[in-house]
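Trainee: Read off the chains here:
Number of protein chains: 2
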Amino acid sequence: MSSNESASRRSFLKGAGGLAAAGAVCPFSGASAAAGTAMPGAAAKGITPEARGPSRSESVPFDGPFQAGILTPLQNHTCFVALDLETEDGPAVKALMQRWTEAARRLCRGQTVAPLDGDPDKPPADSGDALGLGPARLTITFGFGAGLFEKNGVDRYGLKSRRPAALIDLPRFNGDQLVPGNTGGDLSIQACADDPQVAFHAVRQLARIADGVAQLRWIQNGYNAQFAAKDTPRNLMGFKDGTQNPISSRPGDVHAICGGKKFYSGSPEKVVWADGDDQGWMRNGSYMVARRIRIFLEHWDRTAVSFQEEVFGRRKVSGAPLTGKSEFDPLDLDATDKDGNPIIGENSHVRLGSAATTGGAEILRRAYSYNDGLNFVAERWPPWHQGLEYDAGLFFICYQRDPRSGFVRIYDGMSKLDLLNQYATHVGGGLFLIPPGTGGPGGYIGQSLFEGVALRAAPATNLSKKSAAY
Amino acid sequence: MSSNESASRRSFLKGAGGLAAAGAVCPFSGASAAAGTAMPGAAAKGITPEARGPSRSESVPFDGPFQAGILTPLQNHTCFVALDLETEDGPAVKALMQRWTEAARRLCRGQTVAPLDGDPDKPPADSGDALGLGPARLTITFGFGAGLFEKNGVDRYGLKSRRPAALIDLPRFNGDQLVPGNTGGDLSIQACADDPQVAFHAVRQLARIADGVAQLRWIQNGYNAQFAAKDTPRNLMGFKDGTQNPISSRPGDVHAICGGKKFYSGSPEKVVWADGDDQGWMRNGSYMVARRIRIFLEHWDRTAVSFQEEVFGRRKVSGAPLTGKSEFDPLDLDATDKDGNPIIGENSHVRLGSAATTGGAEILRRAYSYNDGLNFVAERWPPWHQGLEYDAGLFFICYQRDPRSGFVRIYDGMSKLDLLNQYATHVGGGLFLIPPGTGGPGGYIGQSLFEGVALRAAPATNLSKKSAAY
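Going line by line, the protein sequences match chains A and B. Using the numbering used here, the letters of the first sequence map in sequence onto residues 4 to 473. Using the numbering used here, the letters of the second sequence map in sequence onto residues 4 to 473.
Same shape as in the complex, but just chain A (with noise of 0.2 Å):
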């Protein structure tokens, strides 16, 4: 294990409240002497533990073998987008991601995304509307969709043959109502800060240096509410979200108890960082689902109370699963009532959902609330009410080291049987590989994927025309 993993591993080891934690233990920072120490930021500013945010000055640096944003304590904010590529030119994808990572490195630490030379009859370098405002907590992470490798067979960029086979087209699952819209994509850019303007300018400035290479295909925004740094969060649906997360566990908790046998919390690195395995390349890179759940929060609080917890498996207040008395118990699958029926329910959400169920399958969650305003809905149960409705949910996350065996296998079972699936629809998202972090300042994201191939040119005057426009 590297020292910078074992600086993250032990926030985690802290206890049970690490996604919400207070101040941010930066997974890859370079100080050794704050690894380790719980908050120093917060500490530094006078900040009570009560709060987590914001950590206007807290920085946490770009750099490093992994990607930040993953293991990085969940920050209140998120703005992510999915990019189309344009340019037929491997050597301009390399160049982006090249340009991208500089920018980022200068982003994440709070700058501007390129000096500003005051020339004041050429655009401004930055947009200039996080000017004051700190880096606060921002992690910039990128992805690579199958259309970096392969797009409608055609072999673009001449990357087709470092394909993971990971890197799955993802299955299309039951009851999935994707939006061409706002799914799928080449590239993609998630930034999470405590603030949404630092994250939104991130991705603006991103977007601006991509211009003739990748256009915006969808952007999500995101967030996460404030809560003291001892609760988990809860979610739209006001239950708590996120308990049994490796994030939130200390390896060793029992999480289940399914046919007598123990199921015990698993370790965030082995659940998210990818070994390599067929594509040297992307050891330390990790997979990224993306999925905007629509959640029909009208209908859900036309609920009983009982039967909400019924379709968790838990219960709505505390936490605590319906066989236990507090929000870390162990879930007892076994456990039956006086007519033999299982007290988590065969069709609930946490049995389905668990490590028991699915044959140890596990992802880190790292999913934000999102909130777009209202639309048009008809719905399917009494009183049928028809009008307009919240267009709010989840903009679920998770990082794994093989979708096959990770979020494929657990949503497979869930998407068919889910108590849930009733007040969720699934309504757009993506699959994106998470190549490996720069390793140092002198890297680039991307570079294991493109150095030492031989990347496919489109003819440069169709390049330059289109720059030159600008």
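Hints in this document: simulated from the structure, not taken from any laboratory. Hints may be right or wrong, so weigh each one.
Copies of the same chain look alike in the list, so a pair counts if it fits in one copy or across any two.
Stated by the list, open to error - In silico DSBU-like cross-links for lysine-lysine, where the CA-CA straight-line distance does not exceed 35 Å:
(1) Lys-419 x Lys-125
(2) Lys-341 x Lys-125
(3) Lys-97 x Lys-264
(4) Lys-125 x Lys-233
(5) Lys-341 x Lys-97
(6) Lys-125 x Lys-328
(7) Lys-273 x Lys-233
(8) Lys-163 x Lys-264
(9) Lys-154 x Lys-419
(10) Lys-163 x Lys-125
(11) Lys-419 x Lys-264
(12) Lys-154 x Lys-97
(13) Lys-97 x Lys-328
(14) Lys-265 x Lys-233
Put chain B on the given structure of chain A with help from the hints.
Mentor: Just chain B now, kept in the frame of chain A:
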């Protein structure tokens, strides 16, 4: 001046940073010992003045002679909704305002909307997503659209004779592209808080209470970055936003020099509170104009800094007027360059907005940025880009004693002449009358309107059928 007014006033007199003050000085604080003390909550919680928020445990009292959320120091998040009344029953509207008031009182204290009675076989009294979150300086500000008084010429509830002259139908301004689905409404609720989940939670509980009486028409979420207390916030155009807002200035500050005459900053109270001239029940009320202003950020980002500064009449980084050195220097509208042209251009945003140009018109701005994803734009400027662009900009909100002498007078000129109009389009909004506050814990919002008038009732069967469905 009431003691509440004087308490809120003292906080403005602290200096120019009032808009972004760290802790809330509750405008209607019942505790006179605390009134006038700078940042009492911040001191108690150990938050340094550097950071404005969040203030999870701070609350702003709901009751008072005026509604909160107007002179309250700006929170970081807003969730605004407009609703259409779908009842024909006047007493049902009055009952809704009474229920909303009770609910808002609890929500602003950080409580669930109603006690959780624990009957598991009923839908929960509260959706639960704010359990464990503090009040986060939540304010809930209710508004009445013209449709409460008269719709399509019909006096729906017997309130037509009580419509104040100031509640005009907004004129169509030059360039308006208002989308019906984001415009108007019979009622409005603006929830503002330092946590987006707290703001949305409040709106969701209130909308649920309205079931059968009023239906959501549109929602707009917005945010303000967490700038340091001493700094004027920047909007998405990267310019400081609100330098000349009455709440940011000291009464008596010189704002502008024009024709050799000095123009002074007004008092926020005089700007916002109506005196109830033609309708006595409106005393201590206000008028709110909301405008959803889409800003073409991609186009703006390709514009030279010098032209951006010409558009605003201010420097981008410092916020100083083009005729001054620092942000709070007065606008010298008389100053000319060596060719005799005004330094602050005839079509600049600050000149057109200045009381010197508008004949003394004043408003209190309380705007939020919004960021609602992407949609298709065919640009009308070189290089005539077509494609997906940010649906982002400013959710402009202002308060005034009378919109005819406030927003309408200011924006009429701006809509025709402002250089900014190349980059911004008004795509939604509305005018809402803000009734006075409850006056105290026994009152309700709208009481002075609904009491002492014969409300028109619908046949009882009509209403009870609708309610019984739930």
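Trainee: Hints first: check each against the structure and report whether it holds.
Mentor: Cross-check of the supplied hints:
1. Lys-419 x Lys-125: Cα proximity of Lys-419 and Lys-125: across copies only (27 Å, versus 56 Å in one copy).
2. Lys-341 x Lys-125: between (76 Å within a copy, 24 Å between copies)
3. Lys-97 x Lys-264: Intra 49 Å, inter 60 Å, cutoff 35 Å: neither.
4. Lys-125 x Lys-233: between (49 Å within a copy, 30 Å between copies)
5. Lys-341 x Lys-97: Result: close neither inside a copy nor across copies, 63 Å intra and 50 Å inter.
6. Lys-125 x Lys-328: Between copies, since 22 Å is at most 35 Å while 63 Å is not.
7. Lys-273 x Lys-233: Close inside one copy (24 Å), not across copies (45 Å); limit 35 Å.
8. Lys-163 x Lys-264: Classified as neither: same-chain Cα gap 43 Å, cross-chain 72 Å, threshold 35 Å.
9. Lys-154 x Lys-419: For Lys-154 and Lys-419, only the intra-copy Cα distance (30 Å) is at most 35 Å; the inter-copy one is 48 Å.
10. Lys-163 x Lys-125: neither (40 Å within a copy, 56 Å between copies)
11. Lys-419 x Lys-264: Classified as within: same-chain Cα gap 25 Å, cross-chain 74 Å, threshold 35 Å.
12. Lys-154 x Lys-97: within (17 Å within a copy, 60 Å between copies)
13. Lys-97 x Lys-328: neither (53 Å within a copy, 44 Å between copies)
14. Lys-265 x Lys-233: within (26 Å within a copy, 55 Å between copies)
Comparing the model with each earlier hint shows violations of hints 3, 5, 8, 10, 13; every other hint is respected.
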